[in-house]
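Residues per chain are reported as follows:
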Amino acid sequence: MSRNRENMTVTQSAEHPLLQVQGLTVGFRRGGQWNDVVRDVGFSVSGGETLAIVGESGSGKSVTSMALMQLLPRDNSRISGQALFRGIDLLQLDERQMERIRGDRISMIFQEPMTSLNPVMTIGAQIAESILTHRRIGKAEARAEALAMMDRVRIPSAKSRYDDFPHQFSGGMRQRVMIAAALACQPDLLIADEPTTALDVTIQAQVLDLIKELQAESGMGVIFITHDMGVVAEVSDRTLVMYHGDVIESGTTEQIFRRPAKAYTSALLSAVPRLGSMTGNAVPTPYPVFDIASGKLREPGPRPNTLREGPPYLLQVSDLSKRFAIQSKLLKRTIARVHAVEGVSFTLRQGETLSIVGESGCGKSTTGKLITGLHDRDEGRVVLAGRELGAIPAVERAHDIQMIFQDPYASLNPRLRIGEAITEPLRIHGKASATEQREIAASLLTRVGLQPEMAGRYPHEFSGGQRQRICVARALVMKPKVIVADEAVSALDVTMKTQVVNLMMDLQQEMGLGFVFISHDMAVVERISHRIAVMYLGEIVEIGPRAAIFENPRHPYTRRLLGAVPVPDPARRHQRGAAVVTELRSPVRPPDYRRPVRRYLEISDDHFVLDSGEDWQ
Amino acid sequence: MGWFVRRLAQSLVMLWVVVSLVFLSIHFVPGDPAELLLAQDGGSPDPLMVQMLREQLGLDRPLPEQYSHNVMGILRGDLGASMVDGSSVGQEVMRRLPRTLELIAAAGILSLLIGIPAGVLSALRPRGRFSRGAAVVAGTAQSVPVFVLGTLLVVLFAQVLGWLPAGGFVPFSRDPGKHLQLLVLPAATIAIGLSAIVFRITRASMLDVLPLDFIRTARAKGVPARRVIIRHALRNALMPVITVFALQLGGLLAGTVLVETVFNWPGLSGMLVAGVNARDYPVVTGVLVVVSAFYIGLNLLVDIIYGITDPRVRK
Numbered sequence: 001m002s003r004n005r006e007n008m009t010v011t012q013s014a015e016h017p018l019l020q021v022q023g024l025t026v027g028f029r030r031g032g033q034w035n036d037v038v039r040d041v042g043f044s045v046s047g048g049e050t051l052a053i054v055g056e057s058g059s060g061k062s063v064t065s066m067a068l069m070q071l072l073p074r075d076n077s078r079i080s081g082q083a084l085f086r087g088i089d090l091l092q093l094d095e096r097q098m099e100r101i102r103g104d105r106i107s108m109i110f111q112e113p114m115t116s117l118n119p120v121m122t123i124g125a126q127i128a129e130s131i132l133t134h135r136r137i138g139k140a141e142a143r144a145e146a147l148a149m150m151d152r153v154r155i156p157s158a159k160s161r162y163d164d165f166p167h168q169f170s171g172g173m174r175q176r177v178m179i180a181a182a183l184a185c186q187p188d189l190l191i192a193d194e195p196t197t198a199l200d201v202t203i204q205a206q207v208l209d210l211i212k213e214l215q216a217e218s219g220m221g222v223i224f225i226t227h228d229m230g231v232v233a234e235v236s237d238r239t240l241v242m243y244h245g246d247v248i249e250s251g252t253t254e255q256i257f258r259r260p261a262k263a264y265t266s267a268l269l270s271a272v273p274r275l276g277s278m279t280g281n282a283v284p285t286p287y288p289v290f291d292i293a294s295g296k297l298r299e300p301g302p303r304p305n306t307l308r309e310g311p312p313y314l315l316q317v318s319d320l321s322k323r324f325a326i327q328s329k330l331l332k333r334t335i336a337r338v339h340a341v342e343g344v345s346f347t348l349r350q351g352e353t354l355s356i357v358g359e360s361g362c363g364k365s366t367t368g369k370l371i372t373g374l375h376d377r378d379e380g381r382v383v384l385a386g387r388e389l390g391a392i393p394a395v396e397r398a399h400d401i402q403m404i405f406q407d408p409y410a411s412l413n414p415r416l417r418i419g420e421a422i423t424e425p426l427r428i429h430g431k432a433s434a435t436e437q438r439e440i441a442a443s444l445l446t447r448v449g450l451q452p453e454m455a456g457r458y459p460h461e462f463s464g465g466q467r468q469r470i471c472v473a474r475a476l477v478m479k480p481k482v483i484v485a486d487e488a489v490s491a492l493d494v495t496m497k498t499q500v501v502n503l504m505m506d507l508q509q510e511m512g513l514g515f516v517f518i519s520h521d522m523a524v525v526e527r528i529s530h531r532i533a534v535m536y537l538g539e540i541v542e543i544g545p546r547a548a549i550f551e552n553p554r555h556p557y558t559r560r561l562l563g564a565v566p567v568p569d570p571a572r573r574h575q576r577g578a579a580v581v582t583e584l585r586s587p588v589r590p591p592d593y594r595r596p597v598r599r600y601l602e603i604s605d606d607h608f609v610l611d612s613g614e615d616w617q
Numbered sequence: 001m002g003w004f005v006r007r008l009a010q011s012l013v014m015l016w017v018v019v020s021l022v023f024l025s026i027h028f029v030p031g032d033p034a035e036l037l038l039a040q041d042g043g044s045p046d047p048l049m050v051q052m053l054r055e056q057l058g059l060d061r062p063l064p065e066q067y068s069h070n071v072m073g074i075l076r077g078d079l080g081a082s083m084v085d086g087s088s089v090g091q092e093v094m095r096r097l098p099r100t101l102e103l104i105a106a107a108g109i110l111s112l113l114i115g116i117p118a119g120v121l122s123a124l125r126p127r128g129r130f131s132r133g134a135a136v137v138a139g140t141a142q143s144v145p146v147f148v149l150g151t152l153l154v155v156l157f158a159q160v161l162g163w164l165p166a167g168g169f170v171p172f173s174r175d176p177g178k179h180l181q182l183l184v185l186p187a188a189t190i191a192i193g194l195s196a197i198v199f200r201i202t203r204a205s206m207l208d209v210l211p212l213d214f215i216r217t218a219r220a221k222g223v224p225a226r227r228v229i230i231r232h233a234l235r236n237a238l239m240p241v242i243t244v245f246a247l248q249l250g251g252l253l254a255g256t257v258l259v260e261t262v263f264n265w266p267g268l269s270g271m272l273v274a275g276v277n278a279r280d281y282p283v284v285t286g287v288l289v290v291v292s293a294f295y296i297g298l299n300l301l302v303d304i305i306y307g308i309t310d311p312r313v314r315k
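Chains as they are written, first to last, in UniProt numbering: chain A, 1 to 617; chain B, 1 to 315.
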């Protein structure tokens with residue numbers, strides 16, 4: 001460890017960067033063993049500059065920032081190296097000195113706005129707390145400053161919301177509160193750790209805009225930690241790529257995107273979903289596979305179309321509706337209803353992938369649960385492989401339709417060996433002997449790209465991507481005709497994501513599966529879909545072939561959704577128009593609400609858009 | 001506000017259920033109170049005397065009438081008269097209740113003062129020396145029965161060291177110093193077991209809260225460690241502590257019997273025990289109803305405190 005005290009006297013000048021990190025190594029102790037998770041990291045950030053640290057989970061990007069802020073538990077972590085901030089080595093400071101820097105000179109915002117605010121403090125108090133901690137001013141003054149800060153981060157009607165609690169705010173608004181608290185003392189440096197990852201894409205665009213504007217106003221340096229190359233291209237001047245604790249490449253963002261020096265960076269970039277990369281492709285095409293050994297990108301060959309035109313339909317859904325009653329506490333009277341799904345109609349053919357896209361709360365997951373029978377529908381018809389859904393016994397339904405869920409960590413029973421987890425449906429249905437079950441498990445594991453010997457292992461021995469493959473295998477065991485994938489790749493790192501998407505496409509080709517692919521990720525949707533349905537407030541606002549939706553979006557909401565997707569091209573960094581500050585409107589309606597009669601306009605063949613009238617003027 | 005009214009209405013319903021249960025359990029348990037009362041000296045009582053006593057006590061009326069009489073009485077605040085000496089149950093309860101409450105309050109405050117700081121310190125370094133030592137002490141404290149603990153304390157502090165009186169009661173108004181001296185040992189006896197519980201819940205709850213994201217946020221804002229622990233962590237961690245503590249306190253209202261007996265503290269428990277022994281049903285009913293009312297009131301108070309500490313409960 002270098003203890004270079006002379007550096008304490010170095011003064012800040014224009015040439016000197018704000019923060020200069022050298023040889024940063026971070027280790028954790030686990031069971032008496034020290035394990036370095038970040039090795040020899042070096043970088044610098046100047047005022048007004050944005051540095052992106054990119055990497056997948058486990059790359060050490062968050063640990064790096066936590067180490068700089070000395071927020072890691074001191075007992076079982078060790079940090080060495082040097083981090084000169086305005087000439088002072090942060091790593092040599094004790095807790096007391098570090099407290100004076102945190103929140104005042106260097107601030108931090110985090111990924112989860114839903115859990116990063118104290119639930120029992122008003123949001124105003126949480127912003128004012130930053131000021132009161134670092135400035136010697138009275139409560140009234142701090143309140144006034146906090147209010148000014150709330151205005152700066154554009155929280156509407158700040159004054160009336162000052163005394164509200166976090167649970168009364170949406171995710172996007174909470175992230176604004178976090179930013180307000182972080183910037184209240186005008187720090188020189190902001191560390192943003194995946195600040196938009198948990199947000200919807202339109203909200204993400206707003207928050208990114210906000211950070212950029214505030215940076216332009218104050219000239220602060222920003223370290224932006226993310227796994228999303230699109231966001232990197234959007235925000236950063238320079239980029240640092242991390243892999244398993246090492247910096248493997250750094251440079252200006254343009255260099256990194258144009259001429260990546262390392263194979264891993266190329267792999268990361270090739271995995272980046274690019275909106276519009278499918279233009280001109282008639283059928284869904286798997287991602288190009290980057291071969292790290294040879295350093296070459298293998299483009300997938302031309303694909304036959306898996307879609308069988310015309311009837312018979314795998315799925316015919318008409319006027320599907322689901323409302324959840326909100327009841328008064330005492331008398332259990334229905335005081336309002338959440339109109340989660342309203343008048344949704346679509347069809348799915350053999351070998352077809354229909355994507356349902358939209359932001360949180362739009363009803364896409366509820367739709368998935370309705371067509372698999374996990375929720376009971378209030379209105380409408382679902383015809384599954386020629387039979388009315390309600391008329392199919394649950395046991396048989398499993399042969400027709402299966403579901404894959406978002407979180408591969410939570411959706412596998414930790415105490416069940418994966419072989420057992422995969423074949424559990426067979427046991428329930430009494431379909432196969434023990435030997436047959438083992439054979440089926442082995443062949444399915446091979447099918448999803450794992451080894452048959454893995455059947456005896458437990459879920460915690462697998463990575464997220466592998467677990468999602470196991471979930472796919474489990475969904476396949478009953479040989480269903482339709483698979484509903486509810487955000488099935490959203491929680492995966494990009495390289496894993498592309499692999500699982502490619503796997504799903506292979507399976508479709510082989511088995512003629514129909515997919516209902518529920519996702520908020522427009523870029524993946526573009527890759528995998530034959531047709532797309534855009535949902536907003538429980539209704540389909542636009543539905544049509546992929547090319548029509550992406551190249552000729554007609555509904556204002558579809559346009560807004562597409563416009564908010566970050567473009568992974570640094571050259572086009574400033575081209576995206578300013579995002580409109582909006583929040584999703586509420587699908588909660590009074591009990592006597594009647595849905596107005598809806599009309600869909602046919603734009604072109606099979607492309608329909610909801611005529612929403614003055615709602616969107 | 002609507003929330004509070006609803007909660008209050010719930011409490012009143014609960015009280016009514018308790019009164020009804022006490023009434024029913026007394027009237028459906030086999031054996032006639034009048035007969036039992038007169039049969040105390042062994043032989044079978046004179047049927048005429050029994051009849052007269054039944055009339056006198058109103059036990060000959062139809063059950064619904066007795067029930068409404070009983071409930072109306074309680075609503076008017078009239079708990080009836082003792083069958084043994086005819087004295088007013090209400091007056092006797094009111095005389096003794098403050099003493100029991102004082103004992104419990106003293107024990108409660110003491111246990112919070114010990115249990116919460118110990119729990120917080122222990123959670124900050126869960127594997128540290130303090131934490132391990134405190135766990136052993138708490139385990140021991142919880143496993144020793146109160147009458148043993150009480151007796152031990154009497155032997156140690158009253159007999160060996162001679163610092164405090166062994167037991168008894170002097171009204172505060174007569175001799176404040178003596179009153180408080182007499183309060184120390186019984187209160188400590190209850191507090192030791194109670195603080196072990198408070199310690200455990202505080203520790204567990206703090207361990208749940210400390211790794212949460214908003215604690216990291218507070219630290220990232222530069223909030224000093226002490227303030228992070230108290231203002232951010234402890235305030236969120238207190239909810240389960242309040243719940244368990246209130247349930248324990250409620251239990252203590254009727255459960256101080258042993259302690260009050262060991263230390264000759266003339267509280268409610270003595271009255272309840274005497275009432276049961278003498279088959280003095282109005283006394284038993286009266287004590288139980290008052291204790292239940294307190295228990296329910298305490299729960300109401302807890303919910304109100306919830307509402308103050310956790311804004312998500314109010315709605």
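Just so you know, these hints were derived from the structure itself, not from any lab.
Some hints could be false.
[Claimed, not checked] Per the computed footprint, the stretches of chain A lying under chain B, defined by three or more beta-carbons under 8 Å from a beta-carbon of chain B, are:
1) 127 to 133
2) 241 to 248
[What the hints assert, rightly or not] Here are a few chain B residues that face chain A, going by a calculated C-beta distance under 8 Å:
3) 61
4) 62
5) 176
6) 204
7) 208
8) 212
9) 214
10) 218
11) 221
12) 222
13) 226
14) 232
15) 235
16) 236
17) 292
18) 310
Owing to the predicted nature of the structure, the values given are computational and were not obtained by experimental measurement.
We treat Cβ as the ideally placed atom computed from N, Cα and C, and that holds for glycine.
Outcome of the hint check:
1. A count of 3 residues in the region 127 to 133 of chain A with a Cβ less than 8 Å from any Cβ of chain B is obtained; the coverage claim is therefore met, three being the minimum.
2. Coverage of the region 241 to 248 of chain A by chain B is violated in this model, with 0 residues showing a Cβ closer than 8 Å to a Cβ of that chain against a need of three.
3. Interface restraint check for residue 61/B: the shortest CB-CB distance to chain A comes to about 36 Å, outside 8 Å, so the restraint is violated.
4. The closest approach between the C-beta of residue 62/B and any C-beta of chain A is roughly 34 Å, which is over the 8 Å cut-off, so the hint fails.
5. A distance limit of 8 Å between C-beta atoms decides the matter here; for residue 176/B the minimum to chain A is near 39 Å, and the interface restraint is violated.
6. Annotation: residue 204/B was flagged as interfacial toward chain A, and the flag is violated, the nearest CB pair being 19 Å apart, outside 8 Å.
7. About 13 Å separates the beta-carbon of residue 208/B from the nearest beta-carbon of chain A, more than 8 Å, and the hint is not met.
8. The criterion of a C-beta within 8 Å of any C-beta in chain A is met by residue 212/B, whose closest approach is roughly 7 Å, and the hint holds.
9. The restraint placing residue 214/B at the interface with chain A holds, with a minimum CB-CB distance near 4 Å, inside the 8 Å limit.
10. The criterion of a C-beta within 8 Å of any C-beta in chain A is met by residue 218/B, whose closest approach is roughly 7 Å, and the hint holds.
11. A cut of 8 Å between beta carbons decides the hint on residue 221/B: the least distance to chain A is about 4 Å, and the hint holds.
12. Of the supplied interface hints, the one on residue 222/B holds, with its beta-carbon coming within about 3 Å of a beta-carbon of chain A, less than 8 Å.
13. A distance limit of 8 Å between C-beta atoms decides the matter here; for residue 226/B the minimum to chain A is near 10 Å, and the interface restraint is violated.
14. The interface hint given for residue 232/B is met, as the beta carbon of that residue sits about 5 Å from the closest beta carbon of chain A, less than 8 Å.
15. With a least beta-carbon distance of about 6 Å to chain A, the hint placing residue 235/B at the interface is held under the 8 Å criterion.
16. Taking 8 Å as the C-beta cut-off, the interface hint given for residue 236/B holds, the closest approach to chain A being about 6 Å.
17. Here the hint on residue 292/B is broken, as its CB sits about 23 Å from the closest CB of chain A, past 8 Å.
18. At a threshold of 8 Å, the smallest CB-CB gap from residue 310/B to chain A is about 6 Å, leaving the interface hint in force.
The structure shown violates the earlier hints numbered 2, 3, 4, 5, 6, 7, 13, 17.
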